[in-house]
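Asker: Take these sequences, add in the hints, and give me the full structure.
Number of protein chains: 2
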Amino acid sequence: MKLFLFYLVPFVLFFWCSQVRLVQGRLLSIATKPDPKDAVATARWLVSLNFWGVLSTISTDLDGAPFGNVVSFSDGLPNQGIGIPYFYLTTLDPTARHALKDGRASLTVSEYPLGTCGKIDPENPTCSKITLTGKLKLVDEESEEAEFSRNALFSKHSEMMGNC
Amino acid sequence: MKLFLFYLVPFVLFFWCSQVRLVQGRLLSIATKPDPKDAVATARWLVSLNFWGVLSTISTDLDGAPFGNVVSFSDGLPNQGIGIPYFYLTTLDPTARHALKDGRASLTVSEYPLGTCGKIDPENPTCSKITLTGKLKLVDEESEEAEFSRNALFSKHSEMMGNC
Numbered sequence: 004m005k006l007f008l009f010y011l012v013p014f015v016l017f018f019w020c021s022q023v024r025l026v027q028g029r030l031l032s033i034a035t036k037p038d039p040k041d042a043v044a045t046a047r048w049l050v051s052l053n054f055w056g057v058l059s060t061i062s063t064d065l066d067g068a069p070f071g072n073v074v075s076f077s078d079g080l081p082n083q084g085i086g087i088p089y090f091y092l093t094t095l096d097p098t099a100r101h102a103l104k105d106g107r108a109s110l111t112v113s114e115y116p117l118g119t120c121g122k123i124d125p126e127n128p129t130c131s132k133i134t135l136t137g138k139l140k141l142v143d144e145e146s147e148e149a150e151f152s153r154n155a156l157f158s159k160h161s162e163m164m165g166n167c
Numbered sequence: 004m005k006l007f008l009f010y011l012v013p014f015v016l017f018f019w020c021s022q023v024r025l026v027q028g029r030l031l032s033i034a035t036k037p038d039p040k041d042a043v044a045t046a047r048w049l050v051s052l053n054f055w056g057v058l059s060t061i062s063t064d065l066d067g068a069p070f071g072n073v074v075s076f077s078d079g080l081p082n083q084g085i086g087i088p089y090f091y092l093t094t095l096d097p098t099a100r101h102a103l104k105d106g107r108a109s110l111t112v113s114e115y116p117l118g119t120c121g122k123i124d125p126e127n128p129t130c131s132k133i134t135l136t137g138k139l140k141l142v143d144e145e146s147e148e149a150e151f152s153r154n155a156l157f158s159k160h161s162e163m164m165g166n167c
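First to last, the protein sequences are chains A and B.
Just remember that my numbering sits 3 ahead of the position in the first sequence, which is counted from 1.
Just remember that my numbering sits 3 ahead of the position in the second sequence, which is counted from 1.
Source of the hints: derived by calculation from the structure; they are not laboratory data.
Small disclaimer: the values here were computed from a predicted structure and weren't measured.
Possibly wrong hints are sitting among the right ones.
Since copy identity is lost for identical chains, a pair holds within one copy or between any two.
Claimed, not checked - No farther apart than 25 angstroms at their CA atoms in a straight line, the calculated lysine to any residue pairs in the SDA-like style are these:
1. 104 <-> 145
2. 159 <-> 116
3. 159 <-> 142
4. 140 <-> 120
5. 159 <-> 44
6. 159 <-> 127
7. 122 <-> 143
8. 36 <-> 138
9. 40 <-> 121
10. 140 <-> 128
11. 138 <-> 81
12. 104 <-> 67
13. 36 <-> 66
14. 159 <-> 123
15. 104 <-> 161
Answerer: This is how it looks when you write it as structure tokens:
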């Protein structure tokens, strides 16, 4: 089984928390939950603390329909996230096959699984959620980035080490 | 604020649990976790017990890129799911705007938030996940189906009642 390292180059982040916000740029992680009114800090917190989400790609098998898949990701070592999510995917799975043909993708992450939304509904705008939209790129296996991304992924997903 | 009732007409279900399976058809809910080897029963269980997921649409604002969004859904009253997920969306949100232009969509649900995966990674194939791919259709507000879908949604998402 061949596994591929991918990263998502985010060019737009859609972020909801009380209201729709649009933020751009490279993110750094933070450990404690920020004031919900601080959209950028909450976005950083949300991406950094979460370790799984839904990666949506364009399905070439289904005439260009969108296809979401549950994936694990990491944007760096714990509390050292850089805001670029890395993935370890196999072409046994449609998502990696789609990405190799058309890199357009979005990664969607919810605050709900963190347990910090309390009894609020997951669709309630005060239960924060983020969609990173961009392009999936293959990491050069021999590069320093590959080393970085493996460390980032393995530090949060120890099961992935068994696939190396 | 105008809210719209949508339902997803699933024509393909991709389901992972130990291995990739393909199942088709209308689903009925079941209350207890089935044997993971029974892909169809596990799919029914997964959709019926979960009440939120990621709905992916085609973003007309982003030149057809996929766009995943956290949504709440219901396929019926508790323990009476019919396998067709219903949503209550607003056009303040990109997903509903996309759906009104291009209904192609997928709904992705993970077992992980249910807490039944234990310490297994969310990407591990034994932590089940499902992707329903199909078309989002608007429910006729005056139809019996609208009444059914409101009851289905409100029984699992009481906050939505405040939007009627």
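Asker: If a hint holds in the structure, say so; if it does not, say that too.
Answerer: Verification of the hints:
1. Taking the shortest Cα distances, residue 104 and residue 145 sit within 25 angstroms of each other inside one copy (22 angstroms), while across copies they are farther apart (43 angstroms).
2. Taking CA atoms no more than 25 angstroms apart as the test, residue 159 paired with residue 116 passes in both settings, with 16 angstroms inside one copy and 17 angstroms between copies.
3. Taking the shortest Cα distances, residue 159 and residue 142 sit within 25 angstroms of each other inside one copy (19 angstroms), while across copies they are farther apart (42 angstroms).
4. For a Cα distance limit of 25 angstroms, the shortest separation of residue 140 from residue 120 qualifies neither inside one copy, at 33 angstroms, nor across copies, at 30 angstroms.
5. Taking identical chains as interchangeable, the C-alpha atoms of residue 159 and residue 44 lie at most 25 angstroms apart only when both belong to the same chain, with a minimum of 21 angstroms there against 31 angstroms between chains.
6. When the C-alpha separation of residue 159 and residue 127 is checked against a cutoff of 25 angstroms, the pair qualifies only between copies, where the shortest distance is 13 angstroms, while the shortest distance within a copy is 28 angstroms.
7. Proximity of residue 122 to residue 143 under the C-alpha cut-off of 25 angstroms is found in neither arrangement, the shortest distances being 43 angstroms within a copy and 30 angstroms between copies.
8. In this assembly of identical chains, the alpha carbons of residue 36 and residue 138 never lie at most 25 angstroms apart, being 28 angstroms within a copy and 37 angstroms across copies at closest.
9. With identical chains, the CA atoms of residue 40 and residue 121 are at most 25 angstroms apart within one copy only, with a shortest distance of 18 angstroms there and 34 angstroms across copies.
10. Taking the shortest Cα distances, residue 140 and residue 128 sit within 25 angstroms of each other only across copies (23 angstroms), while inside one copy they are farther apart (31 angstroms).
11. Taking the closest pair of Cα atoms, residue 138 and residue 81 come within 25 angstroms of each other only inside a single copy of the chain (24 angstroms); across copies the shortest separation is 39 angstroms, beyond that limit.
12. With identical chains, the CA atoms of residue 104 and residue 67 are at most 25 angstroms apart both within one copy (11 angstroms) and between copies (15 angstroms).
13. Proximity of residue 36 and residue 66 under a CA criterion of 25 angstroms is satisfied in neither setting, with 41 angstroms inside one chain copy and 34 angstroms between copies.
14. Taking the shortest alpha-carbon separations for residue 159 and residue 123, only the inter-copy value of 12 angstroms comes in at or below 25 angstroms, while the best intra-copy value is 27 angstroms.
15. For the identical chains of this complex, residue 104 and residue 161 are neighbours neither inside a copy (29 angstroms) nor across copies (42 angstroms), given an alpha-carbon limit of 25 angstroms.
Of the numbered hints given earlier, the model fails hints 4, 7, 8, 13 and 15; all others are met.
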